[in-house]
Amino acid sequence: MSLLDKLDTVAAARKAMLPEGIDVFGMPIEEVYSSTEASVGGRRILFFGTNNYLGLTFAPECLQAAHKAIDSEGTGTTGSRMANGNYIGHRALEQEFADFYHYRSSIVFTTGYQANLAMISGLAGANDVILIDGDSHASIYDGCRLSGAEIIRFRHNDMADMEKRLRRLGERTRSTLIIVEGIYSMLGDQAPLVDIVKIKNSYGSILLLDEAHSLGVLGKTGQGLVEETGLIDGVDFITGTFSKSLGSIGGYCVSNHLQLDQLRYVSRPYIFTASPSPATIASTRAALKLLRDGTKLRSQLWRNARKLYSCLDELGYQLGPEPGPVIATILDSPQQALMLWKGLFDYGIYVNLILPPAAPEGKSLVRCSVSAAHTKEQVDYVGNTFAELRKKHFQIKS
Amino acid sequence: MAHDYNNILQNLCHHLEHFASPGVEIVPESELIDQLAIDSVKLLNLIMEIEDEFDISIPINILADIRTVRDLADLIHKIKSAS
Chain X
1 MSLLDKLDTV AAARKAMLPE GIDVFGMPIE EVYSSTEASV GGRRILFFGT
51 NNYLGLTFAP ECLQAAHKAI DSEGTGTTGS RMANGNYIGH RALEQEFADF
101 YHYRSSIVFT TGYQANLAMI SGLAGANDVI LIDGDSHASI YDGCRLSGAE
151 IIRFRHNDMA DMEKRLRRLG ERTRSTLIIV EGIYSMLGDQ APLVDIVKIK
201 NSYGSILLLD EAHSLGVLGK TGQGLVEETG LIDGVDFITG TFSKSLGSIG
251 GYCVSNHLQL DQLRYVSRPY IFTASPSPAT IASTRAALKL LRDGTKLRSQ
301 LWRNARKLYS CLDELGYQLG PEPGPVIATI LDSPQQALML WKGLFDYGIY
351 VNLILPPAAP EGKSLVRCSV SAAHTKEQVD YVGNTFAELR KKHFQIKS
Chain Y
1 MAHDYNNILQ NLCHHLEHFA SPGVEIVPES ELIDQLAIDS VKLLNLIMEI
51 EDEFDISIPI NILADIRTVR DLADLIHKIK SAS
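Residue numbers (the numbering used here), protein chains in the order written: chain X, 1 to 398; chain Y, 1 to 83.
Be a bit skeptical, because a hint or two may be false.
[As the list claims (entries may be wrong)] In silico DMTMM-like links for lysine to aspartate or glutamate, alpha-carbon gap of 25 Å or less:
(1) X:K296 - X:D158
(2) X:K376 - X:E314
(3) Y:K42 - X:D189
(4) Y:K42 - X:D158
In short, the hints are calculated from the structure, not lab data.
Because the structure is a prediction, the values reported are computed rather than measured.
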C-alpha cells in the first residue's frame with residue numbers, strides 16, 4: 001500500500017463512521033463570546049467540551065498581561081529556549097511554578113504534549129523500563145516511544161496489577177519510571193496516589209505524575225492530586241499543561257530532584273522547538289496567581305460537576321466511575337455516541353465525541369467538561385437536554 | 001524445548017479466541033491484524049493477558065515486528081527462555 005493509499009483508508013473509515021456535512025472533529029468556531037459561549041455554523045452554542053475548568057480564558061488580569069507582553073516583546077520569540085527564545089518571563093514563570101509547589105525547580109515547555117515528551121524521553125533510555133497506566137494519554141505513550149525504553153502497561157488504576165508487573169522486573173525496578181495521571185482525561189477518574197506512592201517507594205522506582213486535568217481542580221491551592229492527597233513529597237516529577245485550568249497553551253515540570261535542570265541539555269522536545277510566546281507566558285503567570293487563590297472558582301467548579309454528574313447518573317446514563325469536571329457518558333456503539341453528540345449539538349451544546357480507538361477498551365464516549373464559569377442555568381439546560389434526548393432517542397443501558 | 005513451544009502456541013491460540021473475530025480459524029500463520037482483526041488496542045490488552053499467563057514482561061515497543069501468531073509465540077518463547 002502506498003503512503004497516500006494509507007490516508008485514503010483513513011478517509012474511508014472516517015466517512016463510514018461520520019455523516020456527510022458534519023465535521024465533528026474539525027468544526028470551526030467562528031466567534032467566541034465568552035469562556036462558555038461561541039458561534040458555530042452561524043448559531044450560538046454553549047461550550048461543554050472545553051478544558052477551561054476555571055473559566056480563565058477571558059480573565060481581565062490575563063488579557064491585560066498578554067496585551068502588555070505583545071506590545072513590549074512582540075508576537076513570538078522565534079527561537080528555542082536554548083538559543084534566542086529564553087526570555088526573563090520564561091525564567092520567572094519557572095520560578096513561580098517551583099514556588100507554587102514548594103519544589104526546588106521547574107522547566108516550562110511549549111505545549112503540555114511536549115512537556116510529557118520531553119520529560120519521559122529525557123529521563124528514560126534504552127536500558128530502562130517505563131511502567132504506565134493502560135489509560136494513559138497519547139503524549140505519555142509517545143514520550144515512551146521516543147525514549148527507547150521498554151514500555152510495560154498495567155491495568156487502569158489496578159494496584160495489584162501494577163505491583164505484579166513491578167515484581168516481575170526484579171532488580172530493574174530501580175531503573176523504572178512509573179507514570180500515572182491525576183485525573184484521567186477519558187473517564188475523569190483519579191489515580192489511587194496513596195497506594196501508588198507506597199508501591200513505588202517499596203520498589204525504589206521513580207514516579208512521574210501528570211496533573212494536566214487536575215491542576216487547578218484538586219487541592220486547597222489547586223496543585224492537583226498531590227495536594228488533595230497530601231503527597232507532595234511522595235512524587236518525583238510532576239508535569240502539567242497551561243491549556244486547561246490556566247487557559248493558554250504550554251506545559252511544565254516541577255521536581256525536587258537537582259537533576260531536573262539537566263533535562264534542558266538532553267531533551268529534544270525542549271531543545272528543538274520555539275519557546276512559548278511572550279503573551280502566552282504573561283497570561284499564564286497571571287492565571288497561575290488566580291488559580292492559586294481560586295478557592296471560590298474551585299468550589300463553583302465542583303458544584304457544577306457534581307450537579308451534572310448526579311443528574312446524568314439519575315437519568316440512567318452509564319458514566320465514568322466518579323464525579324469530576326470530566327464527565328464521560330459511555331455509549332454502546334459509535335453510532336449511538338454520534339447520535340447523542342448530534343442531538344446535543346442541535347440543542348446548541350458542544351461536547352466532545354470520542355470514538356475507538358481513541359477511548360479506552362474500544363468504548364465510545366460523549367464527554368462533557370464542566371467549568372467554574374458555567375452558570376446554574378447552563379448546567380440545568382445541559383441536564384434537561386440529556387433528559388430530553390434520552391426520552392426521545394435512546395434506550396441506553398444504565 | 002519443542003514441547004514448551006507447542007504449549008506456548010496452544011495457550012496463545014486459546015487467548016486469541018477471545019480477541020479475534022468470531023468463527024475465524026486461528027493457525028500459526030494467521031495474520032493478527034489482517035486475518036484475525038486484532039487492532040492495536042486489542043493487541044495491547046492481549047499482551048497483558050499473555051504476560052499474566054506466562055508470568056513474563058513483554059515490552060509493547062517490541063511489538064512492531066509481530067505480524068503472525070507464530071511471531072508472537074516466538075517472542076513469548078524467547079522471553080520465557082531468557083527469564
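ask   = Looking back at the numbered hints, which does the structure fail to meet, lowest number first?
value = 1
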